[in-house]
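I would like the entire structure built from these sequences, with the hints used as guidance.
Chains as they are written, first to last, in our numbering: chain A, 7 to 850; chain B, -6 to 168; chain C, -6 to 352.
Misleading hints may appear alongside valid ones.
[To be verified] Only pairs whose alpha carbons sit at most 27 angstroms apart, straight line, appear in this in silico DSSO-like list of lysine-lysine:
#1 B/Lys(-3) <-> A/Lys302
#2 B/Lys141 <-> C/Lys350
#3 A/Lys352 <-> C/Lys108
These aren't lab readings, by the way, just hints derived from the structure by calculation.
The chain contents come next:
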Amino acid sequence: MYKKITETPVEKVLFIGGGETDFGLQGESDAAIYQVLPILNGLGYTITVVDDNPYSLALESPAATGILKTLTVANIKKIIQDQQIDAVYPLFGGIRAIRLWDQVVAEWRLEDGQIPQSLGLAAADLHQINNGTQLFQRLDEAGLGVTASAVIQTQDEANELLRELELPLVVRAQKPIQGTTRQIVDRLDDFDRVVQQVMDQSLTNEVLIAKAINGLKEISVLVVRDRDGNCLQVGAAEDMDPIGIHTADSLSVAPVLTISDPVMQKMRAQAFLIANMIGLKGVMHVQFAYDEKTGKIYVIKVSPYLDQLANRMAVMTGYPVMLVAAQLAMGIRLTNVYLPNAFHQKTAIMEPVMDHIVVKLPVFPFGDLDASNITVNRQLNSVQKSVGSALGFGRTFVEAMEKAIRSAHFNNRSFSPKYMADVSDDELIQQLIHPQDNRVLLLIEALRRGYEVDELAELTNIDEFYFYQLKRLIEIERSVDQSNKDAQSLRMAKKSGFSDGLIARFWDTDFQEVRQLARSHDVIPTYKALEPSAGEFPEHERQFFATFEEENESEPVDNQSVLIIGPGAFRMGDGVSAGYMTSITLSELHRLDYQTIIMNNNAADSTLLPHLSDKQYLEPLETSDVMSVVDLEKPHAILVPGNRKKLIAALTDLNQNVIVFPKEKHHPARPEAGQSEFCLNFFYDGQTKHPLVILQQRPGESRLLKQKINSDFIDDLDLSSPGLYQVIWRADIDTWVDQVSLPNLTVDTWLRPMPYGHIAYLTKALGMPLGRMVVRAWVDKLNEADRKFLAKMAANHEGASLAMVTSDTDYALHLQPDKSLDMTRFEMGAKLVPFESEQADGEK
Amino acid sequence: MANKVVLDQDSMQRALTRITYEILERNKGGQNLILVGIKTRGEYLAHRIADRLEQLEQVQIPVMAIDVTNYRDDHLDAKDDLGLEPDEKLNIANQNIVLVDDVLFTGRTTRAALDALIQIGRPQAIALAVLVDRGHRELPIRADFVGKNIPTAQNEKIKVKVKEFDGEDSVEIVH
Amino acid sequence: MERHLILEDGTVFSGQGFGAPATTFGEIIFDTATSGYQETITNPIYDGQMIVFAMPVVGADGIHAEAYESTAPTVRGVIVHDLAEVSTNRQRRMNLDRFLQHHNIPGLYEVDTRKLIRHLRETGPQKATIVDVVDDHAVDQLVATVLTNKQVQNTATPKAYANPGHGFHIIVIDFGLKNGILRVLGDYDANVTVLPYTTTVDEVLTLDPDGIILSTGPGNPEDLPDSVLTLIRVLQTKVPLLGIGLGHELLALTNGAALQALPAEYHGMNHPIQEIISQQIFYARQGRGYVIDMDSLDNKKLFVTHRDLVDNSAQGIRLRDYPAFSVQFFPDGAPGPLEANGIFADFFETVADYVQKNN
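Right, here's the structure in full:
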């Protein structure tokens, strides 16, 4: 009998989270999962999320069951059985979740029962993605350009291949234990060492060696595909830097500017072909290399799962990539995707078009490490060194780039023009060939010293378009420098993305004067809406960036608006905690019926998710940018991170209602060896101080004590504003303890606001919405239930058997530091692990 | 054994689309039309054509299937069993029948199907639609609608795969 | 040098001049595609029009020999936000600035193009002029100017020519043909004859074509002489026929359908087009000022094969009784996605079928 193809309807879905933050994974997995939960819940799916990341918002979402468990095969199996899961969606958890799910599938036994469906990619295709060579063989057979490669298991085989393919070669681990790293070998001397190193990174001691294609252009294409093979291109971006530098460490530009239409269309067609080939239902990032001389296109990486580009494209284009991808994975057709009212009804099926330029700049940890006298290898290559990234939005490349530099690198010493002037000519050439983090400034410096565009283009393999743009920037700088505070050069400088502060430096004045001058000459930003139709349709516009043109599209939000200044790009030690706390703040203020406005430039966390705020400004966070938004919006209150002293002072001067995020910029240094640091945590509601729990910190790990605290101990502390605080002291204890004797408050301790990382940790460990409560306290909206809750907490101290452990980041691989790093201070991320027994695991 | 894909999913879809348009053209619309799929894959193809006609004309075209494996003149144990369910025996009298098969080769399958159909009733006309015509006819039979002409050698085999049955859409030459 | 764009409704936009310093008049439209500015500027369908690019930076890829859609562009102006300077050297002999100078076309950059596009999406296309000075004279000139409706005459070939190949004999009737169509026909090794649109049925049929293509072209199809419709009316019953763009509009008119001018034209490549029969969607370059009035469509003669899912307009039609079909969008890309390339494959299959049955 004839039957149409039917699929078993999916009801209970398990999302596997991305786990702890590290090189290559910031907050994007969690942001993606967090964003789609309410929609999927609304569509009738029952969702469970598993993760062990303390900064996970998804685990706290009311739209899903959050399970805080270590990401292991056994735990996933158990959750599937306990929750009667019928489908698993690993693709939003990135490559780590894919590996885990692939392993679960491999280890699934008959007695485990019916294996859940694998959403987004069938288990077999997912397995193939996990094993790169099989996939590339298929691509090769389908006639796509791939580089010659082979898998080897011994040094002898490697040497054989070396003779066959010749240097430079890309060497990478097959079935890697951790994240994938590709290393490019261009010196014979390094070959043996790298092969050995990579072999150790492989579960199976297998090494993939491929011909390197350094110097070619690198282009990223992001596409979605539905169950019926309908494909849509979300967008494409080009790296300014050629292949050879990790894409995360490159300056990247969207839309693509220097590649012709026929080449772009070929890449698009290839991306669609690959999506069809693997039967993808969801989003996929394909990286291509393009050889301008031969016209040949190579596929260099296929990522049919959520990675940073997906989130970034969503912010850059206004296309809701994650909402669409998740629904496609559920088997919904592209034409039937449901979007909330905030989107134009045709948004899901229209390819987004950008009428603005976005530049992404990586953020490197070198400056922070330098300040601690740690020297690392700064040379950029195929191994990622950046820890975060920031976006600059503009209507020209120069404007977007200047804004990206200001977003990514403010307060970074190596980004000062003065530092560049000190670089010798020899060093300059060296660094042009072996680029470092200050790449852009170096290129500018080379142009300043009279190097020709052709010459530089050949030396660096960077398209000459970029050099013409940088030359323009130099000319603008020069004319600003030579002019004397005139309106025309001021307008030109502002149009090119300069901050008031930078212009002030040229004119030996302060930013306030530049600001006044600009206003008196009517040089005022016009905010352009960022929306996916490039002006073709009126959209529900809520995302804006500043430029200096004729029409301003941003209407101020009415009364009761709160402006929240975002934390910007990730930096070491921050982890994802600042993004977590900012998002909680947005969510809670929204719940309290405030109109919220966020300013930020980091697409790798949840702070810019459209549903979290009423309006988003995609801007640098320097004083002049903030002041312009304040001038327009006249917010009821402004929430500013505590480390932004200059901004706080400037806003206070203007009689703005400033609420300071009591931000601890970095995790403090770890206690000395043999010592423990104790934090007595308490909540001050403005009247009463409620002790919560004592936390013991030893290098790289924190645990909670089971100790009742008498509130008398902290009664005498003098606090000016409500919030979460910690009393800190150290003791010579080198084991984990359940109880500790309290110190003399006046002598041995100090007081600080609770770091965000601890707020996230305690929220999950104690099952109390501490983040939300502290926001309520800031705006004086604590309710009776909160106070009761707090009173109860003080009386009841079980603690919880969850430890927060710093990520085991492979600094040796990424940064090659000259001494060991303080894993607390330079934390990349953390995870929560049970420390007594699996049964005591903190299930929500 | 190297298989060569001669029609991929996309071109197979397009071939079916074109056949559908041509059926409409020839038949002046969907009136009095019945699609008869020859089992196994012809049946799926007939349904796909019917789905397409429905998308275009908002009419439901009846589809029936016949199994002629036991009905061919080159089968020694040929029987008069069409494998039809009783409720599937549509009244084909005065209807325009389009017989749908995956591959047209010697013509013997088609002939068997024609014999069978004429036993059931007296249609107005019978036309033949095939996804692939590979040549080497042994009987005077010609397809009215051809998705793709694929000249083949006698010793080659054509393998048609349909998503509903084989998990994918493709036509391959098997050496 | 500062120059200005004046719209018929009196709105003025200012920017910096590039390209030729000429003063021109034309109908202003906007384009939302993010690639292929050279192909777009050289596409004859934009004869007599001024194009505003939504793409904020235009020119970064220079001008390439393989990206011409016609030898000489006949647009009246190019308006961009940011003009990318690129050198002219051995690899790139031309850049956009020099290219426009050479063809005496004025350009304007540093224009708030987003504001202009948001304005035009409300008003629809209108008359406009690019001038050095905004004064009463310039405005009067604009008001007094009557734009030509002879765009097809301006761009289509007056004489027949051949583009030989070894395959099927395809006759292209030229209404302002874009090169992309010839490029694809070359891929099929077709033996191509391009005929002027003033050709007659006899001239076409004596050449013994295996298939006919009604080409793309500029302007309003209703401005063309009735002889064109007569020609198509006969040809569509004789040989397989494919209409593209203007050719599609003409096939519709020939078979009794009426056209409607769009309130705001659509020029871009981001609208989903659905093939109705398979429900599949794809994207293709579109450039259209007219759509078929669906109420006028005689369902006994024609049916709709494709539609734009954003505005539900008919994007493809097919005759019921003959192998003649047409698409509004450009299946050859140039610029634009290649997903609709299959339209040509279908056409050639139809041609092959026709040839086989008639031999």
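Hints, one by one, checked against the model:
no., hint, verdict
1, B/Lys(-3) <-> A/Lys302, "holds, 25 angstroms"
2, B/Lys141 <-> C/Lys350, "holds, 14 angstroms"
3, A/Lys352 <-> C/Lys108, "holds, 22 angstroms"
When each numbered hint is compared with the structure, no violation occurs for any of them.
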